[in-house]
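K.L.:
So you can see what is in the structure, the chains are spelled out below.
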Amino acid sequence: MSTPTIDSRILEDLRRVFRDGLGVDPVEPIAPETKFFADLGLASIDAVVLGEELQKTYGRKLPFSEMLADLGAREERDMTIGELVAFLRKNL
Amino acid sequence: MPRTTANGLTFHYQQSGDGPDVVLIHGLTGDLSIWFLSRTVSALAENFRATAYDLRGHGYTDAPETGYTSLDHARDLLALLDVLEIRRARLVGHSFGAVIAAHAAVLAPERVDALILSDPYFPSLRHLEDLSRWGHWQNFRREAEEAGVSLSADTWYDLTTFFDQVLHLDDQRLLAFRRAVGLPGLNRVLRLARTTCGADSKLEAGLGAESIARIAVPCLALYGEHSPFLSTADYLMENLPQCEGRRVPGAQHRAPEEAPEAFVAAVREFLENLGPVARRETCT
Numbered sequence: 002m003s004t005p006t007i008d009s010r011i012l013e014d015l016r017r018v019f020r021d022g023l024g025v026d027p028v029e030p031i032a033p034e035t036k037f038f039a040d041l042g043l044a045s046i047d048a049v050v051l052g053e054e055l056q057k058t059y060g061r062k063l064p065f066s067e068m069l070a071d072l073g074a075r076e077e078r079d080m081t082i083g084e085l086v087a088f089l090r091k092n093l
Numbered sequence: 012m013p014r015t016t017a018n019g020l021t022f023h024y025q026q027s028g029d030g031p032d033v034v035l036i037h038g039l040t041g042d043l044s045i046w047f048l049s050r051t052v053s054a055l056a057e058n059f060r061a062t063a064y065d066l067r068g069h070g071y072t073d074a075p076e077t078g079y080t081s082l083d084h085a086r087d088l089l090a091l092l093d094v095l096e097i098r099r100a101r102l103v104g105h106s107f108g109a110v111i112a113a114h115a116a117v118l119a120p121e122r123v124d125a126l127i128l129s130d131p132y133f134p135s136l137r138h139l140e141d142l143s144r145w146g147h148w149q150n151f152r153r154e155a156e157e158a159g160v161s162l163s164a165d166t167w168y169d170l171t172t173f174f175d176q177v178l179h180l181d182d183q184r185l186l187a188f189r190r191a192v193g194l195p196g197l198n199r200v201l202r203l204a205r206t207t208c209g210a211d212s213k214l215e216a217g218l219g220a221e222s223i224a225r226i227a228v229p230c231l232a233l234y235g236e237h238s239p240f241l242s243t244a245d246y247l248m249e250n251l252p253q254c255e256g257r258r259v260p261g262a263q264h265r266a267p268e269e270a271p272e273a274f275v276a277a278v279r280e281f282l283e284n285l286g287p288v289a290r291r292e293t294c295t
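So the protein lines, in turn, are chains A and B.
The numbering used here puts the first residue of the first sequence at 2, with every later residue one more than the last.
The numbering used here puts the first residue of the second sequence at 12, with every later residue one more than the last.
These aren't lab readings, by the way, just hints derived from the structure by calculation.
Errors might be hidden in some of the hints.
Claimed, not checked - Partial list, derived from the structure: chain A residues whose beta carbon lies under 10 Å from chain B:
id : residue
1  : 29
2  : 39
3  : 42
4  : 43
5  : 50
6  : 59
7  : 60
8  : 69
Think of the CB as a built atom: it goes at the ideal place given N, C-alpha and C, for glycine as much as any other residue.
Using the sequences and the accompanying hints, generate a full structural model.
P.N.:
This is the structure:
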């Protein structure tokens, strides 16, 4: 599968996990440039829960602790959905 | 997400790793994510089974209207250990989480192998601290002011006033506050503000100075180099039978956020150098 196809599938998975796992279903559909904290208004505790929901969805361990720790070290403390997609593509 | 019922409430918790049990307890208005963002969970999971949970009123745990003293929280913790079948644990608490850890060690010393007290201030030791050193509160006030919440300059870390103000914000200020903390953040603060958390957390609730001084398990008083509570740190080192002290360079009151690497290194070093059931004889 090509990278764009994989990415759009992952984005679909993410939209579903956000809706069913976290109860987030924004009016504007979630896009690669959507920001986790600034746009979806989520908190870091939601990122922890999201990580767990995604591991359940894909049935495998993902290095989410690392991702969260990197997030904690960022000045802006935010990440885009595109970054999340890239992280998943790399680790699935 | 893993949830379980303990003490009549549903708790959200996360577990990672294998080995002796370490339980991580966050502070007031926080949640368990602090242990992930600071890399504490992944570091400890290499040698321990690390369990982090959201306190009552916080994160994804239930928020009953009342019952927010350190005694209530310590009973929650012991009930949670029961349902998770954790017989004994090393407790790591930050800020009020450390007060809860200490209270649990007083209630059930046989279940606590060791304690890391990260920057607590104890209601019963309040007389030790000098209000003018309370830079953290001044910072908090400034942040709150920018978010539309006015707090008095001459009160101590006053959650009651803070909660009261947040509950009575006019629309414009509420919008500013929402912008500053995000909608879920706002909703969580409002949920906690409607409970007795603010007032309850100022109460001794049975954890007097004498009880604290009798905590005999190995203990690390881990304080930020610029913590407002260094008199409490000194008190703990002088009065607890097995308490050593350590400062986190560059940190004020929130070492897990302000200096996560140094914080985690100190936590690991202390926990990994404890024998499985060893009790050290000396007090540094």
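K.L.:
All hints, please: hold or fail.
P.N.:
Now for the hints, and whether the structure bears them out:
1. 29: Violated - the Cβ of residue 29/A stays beyond 10 Å from chain B, reaching only about 15 Å at its closest.
2. 39: With a minimum Cβ separation of about 8 Å from chain B (threshold 10 Å), the hint on residue 39/A holds.
3. 42: holds, 4 Å
4. 43: For residue 43/A, the interface hint holds, since the closest Cβ of chain B sits about 6 Å away, which is under 10 Å.
5. 50: Holds. Min distance 5 Å.
6. 59: Violated, about 16 Å.
7. 60: violated, 16 Å
8. 69: holds, 4 Å
When each numbered hint is compared with the structure, violations occur for hints 1, 6 and 7.
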